[in-house]
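Engineer: Given next are the chains, with one letter for each unit.
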Amino acid sequence: MPAIRERYDALVVGGGIAGMQAALDLSEQGYEVLLVERDPSIGGVMVGLNKVFPTLDCSSCICTPRMAEAAHHPRIQLQTWSEVQRVESDGDGFRVEVLRKPRYVDEDKCLGCDECELVCPIDVPHEFDYGLGARRAVYIPHANAIPHKAVVDLEHCVYCGKCERACPTEAFDFAQQPVVDTTRVGAVVLSTGLLITPMGAKKEYGGGRLPNVLSPLAMERLQSSNGPYGRVLRPSDGRVPRTIAYVQCAGSRDRSIGVPYCSRVCCMYALKQALLLRHSIHDVEVTLYYMDIRAFGKGYEQFYRRAVREGVRVVKGKVARIQETEGHDLLLRVERIDADGRLEEHRYDLVVLAQGLVPAWHADGVVDIEEAEDGFVRTPEAKLNPSFTTMEGVFVAGVAAGPKDIPDAIVEAGEAAMAAANHLERIRWRAGPLRAPEDEGEEGEETEAELAGQALGGRWA
Amino acid sequence: MTTVPVAAKPRSALQALRESRGGVSAEMKAWLKDQQDVRKRLRAALARGPRTVPDLACECGLEGGRLLWHLMAMRRYGEVTEAGERDRYVLYALKRG
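Chains as they are written, first to last, in my numbering: chain A, 1 to 461; chain B, 1 to 97.
Everything labelled a hint here was simulated from the structure, so no lab data went into it.
Only a predicted model underlies this, so the values are computations on that prediction, with no experimental measurement involved.
Treat each hint with caution, since some may be false.
[Claimed, not checked] Here are the simulated DSBU-like pairs of lysine-lysine, each with C-alpha atoms no more than 35 Å apart in a straight line: (1) A:LYS109 / B:LYS29; (2) A:LYS162 / A:LYS298; (3) A:LYS162 / B:LYS33; (4) A:LYS203 / A:LYS162; (5) A:LYS318 / A:LYS298; (6) B:LYS40 / B:LYS29; (7) A:LYS318 / B:LYS29; (8) B:LYS40 / A:LYS316; (9) A:LYS318 / A:LYS203; (10) B:LYS95 / A:LYS162; (11) B:LYS40 / B:LYS95; (12) B:LYS95 / A:LYS203; (13) B:LYS95 / B:LYS33; (14) A:LYS162 / A:LYS101; (15) A:LYS316 / A:LYS298; (16) A:LYS162 / B:LYS40; (17) B:LYS33 / A:LYS109; (18) B:LYS29 / B:LYS95; (19) B:LYS33 / A:LYS203; (20) A:LYS203 / A:LYS316; (21) A:LYS316 / A:LYS383; (22) B:LYS29 / A:LYS203; (23) A:LYS162 / A:LYS109; (24) A:LYS318 / B:LYS40.
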């Protein structure tokens, strides 16, 4: 693992699809980028998804090549299992503090061979599968993880030492300590991503309490070929479901839980999951209860029609509450908007709450930027400079700025990279990490163009 | 908790870490004990042949959801495999060899 250098051109905070794109677009222009990810692997939410809409391409098949590219790019330094603690103005650029959390495994020695994981005696719920599957107390984050290296979860460790003895390369290092490193950058891109609204936000839906009420991300994992059950089963008893309901706007457009906005992606991910369920379980009935179907993107309306054509039932109605029977079936009380508000009750094997998107990170005390009322990063020039924040030199990309789908996050990341590059040129941030800042004065003969060439990795020198 | 001898050099770092964190928490001791107990019961039932989750819940006296989680952990780490379906339920079996 290379040490954090004294200077980079840009810092990218968050290694999901938007952050990887911004880092790649900057590095391809010759800038040196530090990409910091708080999880032990890059890939963000996207690498855990099953398929993407409306093309039904395999999500991880699109995401993993991008992950590999970002991890192996000569001008991107990847720093996983690390958190940006502070970004503050410092002359032209920014002074940045990065906390590197101990993996208790030497990344340079670890082969990612799984031997430690296989001998670990402790199984705990796996975050990557939203608790439906298990991992060990020492684990490779997931099948497509980059870096593909083990990490020790000390909270669940019983210090038996089996992992250490099983390791063929003596990679374990239990003497590792958290380290705070300081560096300087000329520009910052915040791509800190999303969480979904908490499962228990709407108590009347029983999320987090009733085992067969699932989050959409848990359903993504169940539908994935390497998911926790290897197929879609009810978590309460392992039965193949025959009736499934989707409750739309279960975490959006709802002032009662403080999420008044539309999360933009729920209609489409629900239609996608519903259609794929129809493909994978031959006799399944899937019903979507919606307020409005918002299929706004390229090819989305056609996808909606296709889902309906292929048997997904859509009902304009608001689900008032969800109750459980003794056998963990679910009773949905529905107000039919399309039938004069008639109240109905229907029984389902499984329910998915179409939860909304909320920011995964807040700037409080880390960066002195403003957040909007909804908690996402404020973008004061949203029309003409959508990646600008309230702080010069700090840009935003992806869901950190507001709910959006994958194509929009990627487009925005490209724009943020371009804006960051413009900023670096404007402030003439020339000292790339190839040379320490104190060396600059000694070679005062160099022209600006030469310095620029060095910052650009010599490509145009 | 049984003490397992480890190689001399790494022992010090691991043991120092263990001591600095006050040893294994009571919660983790209980967690491990529970896991071992559930697995023992599942193995015993599965040794009699392929079973569905409701079969196992009945035979082992365990709640279905908790049981499924343990069964899927055993599947992930190669102890259990699928062995067909019966009435919308998957049959699970111990992996041979």
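Engineer: Take the hints in turn and mark each one as holding or not.
Structural biologist: Structure-based check of all given hints:
no.: 1; hint: A:LYS109 / B:LYS29; in the structure: 31 Å, holds
no.: 2; hint: A:LYS162 / A:LYS298; in the structure: 52 Å, violated
no.: 3; hint: A:LYS162 / B:LYS33; in the structure: 18 Å, holds
no.: 4; hint: A:LYS203 / A:LYS162; in the structure: 43 Å, violated
no.: 5; hint: A:LYS318 / A:LYS298; in the structure: 27 Å, holds
no.: 6; hint: B:LYS40 / B:LYS29; in the structure: 17 Å, holds
no.: 7; hint: A:LYS318 / B:LYS29; in the structure: 46 Å, violated
no.: 8; hint: B:LYS40 / A:LYS316; in the structure: 49 Å, violated
no.: 9; hint: A:LYS318 / A:LYS203; in the structure: 15 Å, holds
no.: 10; hint: B:LYS95 / A:LYS162; in the structure: 23 Å, holds
no.: 11; hint: B:LYS40 / B:LYS95; in the structure: 15 Å, holds
no.: 12; hint: B:LYS95 / A:LYS203; in the structure: 41 Å, violated
no.: 13; hint: B:LYS95 / B:LYS33; in the structure: 23 Å, holds
no.: 14; hint: A:LYS162 / A:LYS101; in the structure: 22 Å, holds
no.: 15; hint: A:LYS316 / A:LYS298; in the structure: 23 Å, holds
no.: 16; hint: A:LYS162 / B:LYS40; in the structure: 21 Å, holds
no.: 17; hint: B:LYS33 / A:LYS109; in the structure: 33 Å, holds
no.: 18; hint: B:LYS29 / B:LYS95; in the structure: 28 Å, holds
no.: 19; hint: B:LYS33 / A:LYS203; in the structure: 33 Å, holds
no.: 20; hint: A:LYS203 / A:LYS316; in the structure: 22 Å, holds
no.: 21; hint: A:LYS316 / A:LYS383; in the structure: 33 Å, holds
no.: 22; hint: B:LYS29 / A:LYS203; in the structure: 33 Å, holds
no.: 23; hint: A:LYS162 / A:LYS109; in the structure: 17 Å, holds
no.: 24; hint: A:LYS318 / B:LYS40; in the structure: 46 Å, violated
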